[in-house]
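When you get a sec, could you build the whole thing from the sequences and use the hints?
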Amino acid sequence: MKILLADDDAVSRLILERALVRSGFEVVCVQDGQSAADCLLAPDGPRMAILDWVMPGKDGPTVCREVRACTAVPYVYLMLLTSKEETGDVITGLEAGADDYLTKPFNPEELKARLRSGQRILNLQDKLVHEAQHDPLTQLPNRAFFVKRLAECVRKSRESRAFQFTLLFVDIDRFKLINDSLGHATGDELMKGVADRLLQAVRSETIPCDQTEHRRRSGRPFDSVARIGGDEFVILLDDFADLDDGVRVAERIELILKEPFLIDGHTIFITVSIGISASNQRPQNSHDDLDPEEILRSADSAMYRAKLLGKARYAISDATESTRTRSLFKLETDLRSAIANKQFEVHYQPIVDLADSRIVSFEALVRWRHPQRGLIHPDDFIATAEENGMILAIGSLVLRDACHQAKRWNPVATTRPASICVNISPRQFQMLDLVASVREMLLESALEPHLLELEVTENMTMQDADRASQILLEMHKMGISLSLDDFGTGYSSLSYLQHFPICTLKIDRSFIARIDSHPESSQIVETIITLGHNLGMKVIAEGVETRSQMELLRRLHCDFGQGYLFSCALPVDQATKLLEDNRQGKPLIPNNRPCGQAALPISLSAAS
Amino acid sequence: MQAEQLARESGVDLPELLARLEYDRQLLREVFFIFNKEFPLLQAELTAAVASGDFEKIRTTAHALKGMFASLSFSNASSSAQRIERMATQATLEGISEEVARLDRKAILAQTALESVCQEVLR
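First to last, the sequence lines map onto chains Y and D. Read left to right, the first sequence gives residues 1 to 608 (the numbering used here). Read left to right, the second sequence gives residues 1001 to 1123 (the numbering used here).
Heads up, a few of these hints could be off.
Stated by the list, open to error - Estimated spans, in silico, between C-beta atoms of each pair:
#  : chain 1 : residue 1 : chain 2 : residue 2 : range
1  : D       : Asn1036   : Y       : Ala151    : 52 to 60 Å
2  : Y       : Arg155    : D       : Thr1092   : 55 to 63 Å
3  : D       : Ala1091   : Y       : Ile121    : 35 to 43 Å
4  : D       : Lys1057   : Y       : Asp291    : 52 to 60 Å
5  : Y       : Arg120    : D       : Tyr1023   : 42 to 50 Å
6  : Y       : Asn107    : D       : Gln1005   : 20 to 28 Å
7  : D       : Glu1098   : Y       : Asn107    : 29 to 37 Å
8  : D       : Lys1057   : Y       : Glu110    : 31 to 39 Å
9  : D       : Tyr1023   : Y       : Glu159    : 51 to 59 Å
10 : Y       : Asn107    : D       : Thr1092   : 28 to 36 Å
11 : Y       : Ala42     : D       : Ala1091   : 33 to 41 Å
As the list claims (entries may be wrong) - Stretch by stretch, here's where chain Y covers chain D in the computed footprint (C-beta under 8 Å, at least three residues):
#  : segment
12 : 1021-1027
13 : 1031-1041
14 : 1059-1065
15 : 1110-1119
As the list claims (entries may be wrong) - Listed below are the simulated SDA-like cross-link pairs for lysine to any residue, each with C-alpha atoms no more than 25 Å apart in a straight line:
#  : chain 1 : residue 1 : chain 2 : residue 2
16 : Y       : Lys112    : D       : Glu1030
17 : Y       : Lys112    : Y       : Asp59
18 : D       : Lys1057   : Y       : Thr87
19 : Y       : Lys58     : D       : Ala1019
20 : D       : Lys1037   : Y       : Val27
21 : D       : Lys1037   : Y       : Asp32
22 : Y       : Lys58     : D       : Leu1017
23 : Y       : Lys477    : Y       : Asn410
24 : Y       : Lys407    : Y       : Ser437
25 : Y       : Lys577    : Y       : Tyr564
26 : Y       : Lys538    : Y       : Ser419
27 : D       : Lys1057   : Y       : Gln31
28 : D       : Lys1057   : Y       : Tyr564
29 : Y       : Lys112    : D       : Ala1019
30 : Y       : Lys586    : Y       : Thr271
31 : Y       : Lys112    : D       : Leu1042
32 : D       : Lys1057   : Y       : Ala10
33 : D       : Lys1037   : Y       : Lys538
34 : Y       : Lys58     : D       : Gln1090
35 : D       : Lys1057   : Y       : Lys176
36 : Y       : Lys586    : Y       : Tyr564
37 : Y       : Lys538    : Y       : Ala465
38 : Y       : Lys58     : D       : Ile1108
39 : Y       : Lys58     : D       : Ala1091
40 : D       : Lys1037   : Y       : Ser83
Calculated from the structure, these hints are not laboratory results. Quick caveat, the model's predicted, so the values are computed rather than measured. Cβ coordinates follow ideal geometry from the N, Cα and C atoms, glycine included.
Here's what the structure looks like:
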């Protein structure tokens, strides 16, 4: 270890120097305070110092104060040399930032003991700093440290546009599957293996966190690899002028991770999705507001796009992407506020019996009444809410409203009940307490369970068929009806249809839209209707918009229809009026439909 | 040992010095060599400072001498340097020349004793 010895007394200096050399130190000797300060504040300067109190230029306490004022250098353990009779100096010295003191003339054993104590403190401090800035599993820098390093690059980039950098956001595809199937210990080993290979793919040395400033001062480019989340790694390519360089590194990473990992007897193949973002992608005039977190988000968004495009690939962030990210962020913020301020309302779209045109149920559909943007369609926010988990709050709100409303529509048992259909989102379906939560809503609203129909999609049930089966059976036992939404667009697994207690199939609107123009769509619809009926299910056609579609569906013996032809989703008061009129035998009159959508000449009362 | 007795009589704590040097004879010689080079310079600086009444210079030079003597375990000379430093801090010239003369004598005695030790060590 390097130690600085600053003393203008040549005799004392020589004696101390020899004692330090004998203790295994590499000793740097200076004779004045200024040289001592320069040496300690230089890159790769000594981590320990013995400073004489009185020196030409600057005294020991002044040097201590200067060293402590500089946060860019790693911590230096400072010892002051003071005369035995000047004990008052000890307090002044410690206040100035010294860690310890040594009296002149020194005792060699005491010197060694104090040095050992100093080394212990430095080691402990280095360990704490390392732990605070590194991921314990891979020993790579963690998010906090990485963002600090990124901020440093942003600063350099602001100072000079000649300095550019590229960020790669690397996410292991289907890592959860590996973790769940092979166990966390294997997952951890895999993570370490990935970290090692990523380091091989870049110009990286694993840089001790406390030396970054020194590296920065040295001006040499170097890449940083960090682990910032479960299976998320980021790579900062320092001083890369060209985005193509980032692409080349991404390709190298893909190649280097292609080789299987052999862990605990398992041969594991992985792929990664990589998002690439570069500092020079930003417009000329926006360089001043370059933000480390935003660049990170931008690379994250690009990575997410790579996932959406099918995983095992890279995607480059662009300005549009960046704008999208900002809008997404705004949307998330607005969504949070919408939940807090109760800006969501439930609209109801009738589902009509195609045989006699009576309303048999309503589908509850959420709408967002945004204070500035007006009524927002769920297509514009559900995906985001699903992604960030806010769908749970929204879903719960819709379910509660719908149950209470259905109870109001069916206060007593009637021969013409109108049930309520509520969509369950994938996130809700993963909730451990979904069944309990539905049961609670039913109790709270006093709605009879058979008047509640929950809609699930095939994708939800396919992810974990056993669990899905258990949930659906419990719901079924409670008396709740279950329908399979968007049927025909997913797996359309007949086996699942048989095993799940599904009562109703909802044919996806994409088939209905082409039913009267594409014979194959008509055949698919007919097949689904027949299939559903053979399995004892009812069938609903979604997205019915024209009279000819409706007539064809009737001919195919489809049970129910839903769509703009009958009515769009209506606010509760209008839906209530529609139901009351319909119950009194009044037909749905297209020209009067409040939503004003696709007005078509139709009289359902004439339907046979 | 004759040199040891001389050292004791000259106010040099030889056991303490040798322990500090971790009984390194070569180092003892090097230290003595440096002392012989440095001491006359500081001695001259102190005399000049006293002559010109420069208290700050007297104080810093006496402080340096005090440290050097202490490192060599020249306890008598070190005490004398400390007294001069204190006088300078209090800005008093009264008796300072006499104290400087005493310091010179004590330092030379210690120097002579140490030289004997070095010679004995070399034999």
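Could you tell me which of the hints above the structure violates, numbers in ascending order? 5, 15, 19, 22, 28, 30, 31, 33, 35 and 38
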